[in-house]
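Participant: Chains P and D are the protein sequences, given in the same order. The first sequence begins at 443 in this note's numbering and counts up one residue at a time. The second sequence begins at -13 in this note's numbering and counts up one residue at a time.
Where hints are given, some of them may not hold.
Chain P stretches covered by chain D per the calculated footprint, using a threshold of three residues with CB under 8 Å from any CB of chain D [stated by the list, open to error]: (1) 451 to 458; (2) 477 to 489; (3) 542 to 554.
With a cut-off of at most 25 Å between alpha-carbon atoms, the simulated BS3-like pairs for lysine-lysine come out as follows [stated by the list, open to error]: (4) P:Lys630 to D:Lys65; (5) D:Lys157 to D:Lys146; (6) D:Lys146 to P:Lys630.
No wet-lab data here; the hints were simulated from the structure. Nothing here was measured: the structure is a model prediction, and the numbers come from that model. Ideal Cβ placement from N, Cα and C applies to all residues, glycine included.
Here is how the chains run, residue by residue.
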Amino acid sequence: MKPAPFGYADPTSLDEALTLLADDGAKVLAGGQSLLPLLSMRLASPATLVDINQVPGLDSVVVTDDGVRVGALVRHVQLLHHAEAARVQPLLARATANVAHPAIRNRGTTVGSIAHADPSGEMTSVLALTGGSVTVATPAGSSAVDWADFFVGPLETSVHGPAVVTEAFFPALPPRSGTAFEEVSRRKGDYAVCGAGVTVTLDDDSRVVSARATYISVGLVPEVHDLTDALVGQPAATADWAAAGALARTLVDPDGDLHASADYRRLLVGVLTERTLARAAQEALVR
Amino acid sequence: MTEPTTVSTERAITVTVNGVPRETTVPVRRLLSDALRHDLQLTGTHVGCEHGVCGACTVLVDGTPVRSCLVLAVQVDGKAVTTVEGLARDDGRGGEVLHPVQEAFRECHALQCGFCTPGFLMTMAAGLEARDRSTDITEDEVDEIVGGNLCRCTGYANIKKACRHAAGLMKEAAE
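Isolated chain D, as found in the complex (with noise of 0.2 Å):
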């Protein structure tokens, strides 16, 4: 017989954020944008618009982009969330490795302010993983991935531009 669920409004909750078990507690009406930047201090995850029209706030949860401040902290206790603070790997003698999108985004100057450039990068990596490697990207693909987030600053040219060089990068790789 397991307890009869009861109505909070503080929880304890454990999140493993970029490979690190997280322990906090959160009002339970914290969106997780709040939760990784206020909580954690994650503060590589920007808060644009919190309505979830912008994208700025794009994490990975379980290896799937989702807009963080559409989701609650308490939702998201026991899952894997991945910031843009764990998007690069460790080289193994205490550096870093670039992943791919943020390589494309140095390499074809993708950004400018910097705002948005942690939901792009999100939503890029992720996306480019989930897509045969074997073949080119296309316009349509490249649209797909990185029409939900707003820039203000590029016009977008050298994002979409960033995400053709990333899918490149990551083919090469792949072969």
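Extracted from the complex, chain P is given alone in its bound form (with noise of 0.2 Å):
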């Protein structure tokens, strides 16, 4: 269990991060909590490593009213206690407190997770529910890449050569809208089993206009869901959830594993959208 040989650099540039990235073989390390396993356990034997965390500009929060930009250098211990992160985009402390345990997440990088594109991370669909996007720096320029168009597979996303993701931006939520994540996992921060995050938006008289879902291991990439037609027009005090969590049941396709049948994630589907959306719900009376 100890990482095949490779060369390593530490730029203090992110154009010399893109020249040395530009070698066949050549990794990106941040955080390195999902690369290290797979280095230890010789799943990846790149040719060199560019460590990016000398680059100077990349670990900072930018809170706008707009939205959060998050740079690729922060770590997800920022961004769940960043109080006005959560004050603009409730999810992010929300689903960043269910990433695995304290020690992974001083260390581990929410771009990171989100340039993994694990279909068990949060990040990855916490940045589709909100409709974000990433920049990724190519020795070309700069550009946005729109979340939709970024994730491919289960770790596969559609940057290619020499880049580095050097921040994601999460739009801010809307007024009259609110969050809630929730997962279940066999033990604490340990990957979820099925986790689901949820926004709902109501009118001025406190009405469902909209209800969107996204789940943690279910899909091969992350995926959006609208739910909105389960609930549209009825009260948030008494609207029915639970058909929403029906209708959410039928737009998934998961797949089974040693953890859990498909059928049982999709059983968890139901549930934890039912539970969120309540609670998601109960948040947007009072933005």
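Dock chain one against chain two, each of which comes alone in its own frame, and use the hints as you go.
Facilitator: This is the structure in structure tokens:
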């Protein structure tokens, strides 16, 4: 259980990092909390690791009324305790609280987990549910990539060649909206058997205008499901959240594995949808 | 003009371990856990799963708990690492004063084989030092602190008891 030999460089500028990444078999190292296990188990053996931890300007959380910009070196723990970010987009703190354990959150980066594109990762789905995007720097320049164009498959993104995902942008939660996030896992902090994140928006009469959900460990790539049809026009206080849960069960196509059958995951999708929507609606009433 | 960064396979690093600056040259693929044990002969840090699941190898880097098997030794160049060997304080008379979490583990019989203990001690020490000591610890806080570490002997009951006891000792000390 030791990584295969590799070369290591810790450039001090983004340009230098991109130059180093142009070599065959070069890979970005940020927090390393997903990459290092892959190296130790020799599921990955890059020729070179380009450690971006010394690159300046990637470690800030910038909060505006439009949303939250998270730099590539921001650790999960920073988002978890960022009150201003939580005010603009409450899902960020709620979801990061479910990312592994404190020791992992201290080191692992939010943007890194998005770039890793693990279907059991929380922040990939949060990026999707909020309608977010990432900024990808290449030798030709930087560009924003919408979440829907970014995730291609499990552990696969649309980004190829020398590139660094320099930030993720999570749009603000609209007014009269609320969110909730919940996971079921076999042990505290372990990968979710199933997780759900939802957003509910109400009108001025506190009736449901829209309800959307995303799930963890359910699909191959993050997806956003529109549950509005089951709820539209219903008062938040008495809405039929169970009907939305039932609708959600018909929209997902989970796989079974050693930890949970596909049917059990689908059941959890229904239960978590019902619970989280009800909580999100409570928040929407007071926002 | 700085020199362009070169790709290396071996590096000389300086790490302050338990307050003492240590210099060593490591292959860049050396995990921090292995550097501590093999290069610096600090075998108090235990290596269990080697992929971030068990928590046995937890150490503090600049005061923050991290899995030392998920960090490369070259990444802590210039930083301060605290291992279980550095947890007890010098009593000024050639002996040591146990950290409250060590005291609590002994008091509550929170270890059996002891393999997971260094990781629990480091995680718990950092977790308890970071919390507001004027309040009593809650069950949720205890679960959050110990939740990332595996123990195959104790069933956790006494480890959680030790966590509550240590929190109490640290609260008393703060009063």
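Participant: Would the hint linking Lys146 of chain D and Lys630 of chain P be met if the CA-CA limit is 25 Å?
Facilitator: holds (14 Å)
Participant: Count the residues of the stretch 477 to 489 of chain P whose Cβ falls closer than 8 Å to any Cβ of chain D, and tell me whether that reaches three.
Facilitator: holds (count 5)
Participant: Is it true that the CA of Lys630 of chain P sits at most 25 Å from the CA of Lys65 of chain D?
Facilitator: Cα-Cα ~30 Å, so violated.
Participant: The stretch 542 to 554 of chain P covered by chain D? Criterion: 3 or more residues, Cβ-Cβ distance below 8 Å.
Facilitator: Since 7 is at least three, the answer is holds.
Participant: Closer than 8 Å Cβ to Cβ for three or more residues is the test here. Does the stretch 451 to 458 of chain P pass it with chain D?
Facilitator: Since three or more residues must qualify, the claim that chain D covers the stretch 451 to 458 of chain P holds, with 5 doing so at under 8 Å.
Participant: Are Lys157 of chain D and Lys146 of chain D close enough, with their CA atoms no more than 25 Å apart?
Facilitator: holds (16 Å)
Hint check: a violation occurs at hint 4 only; the rest are consistent with the structure.
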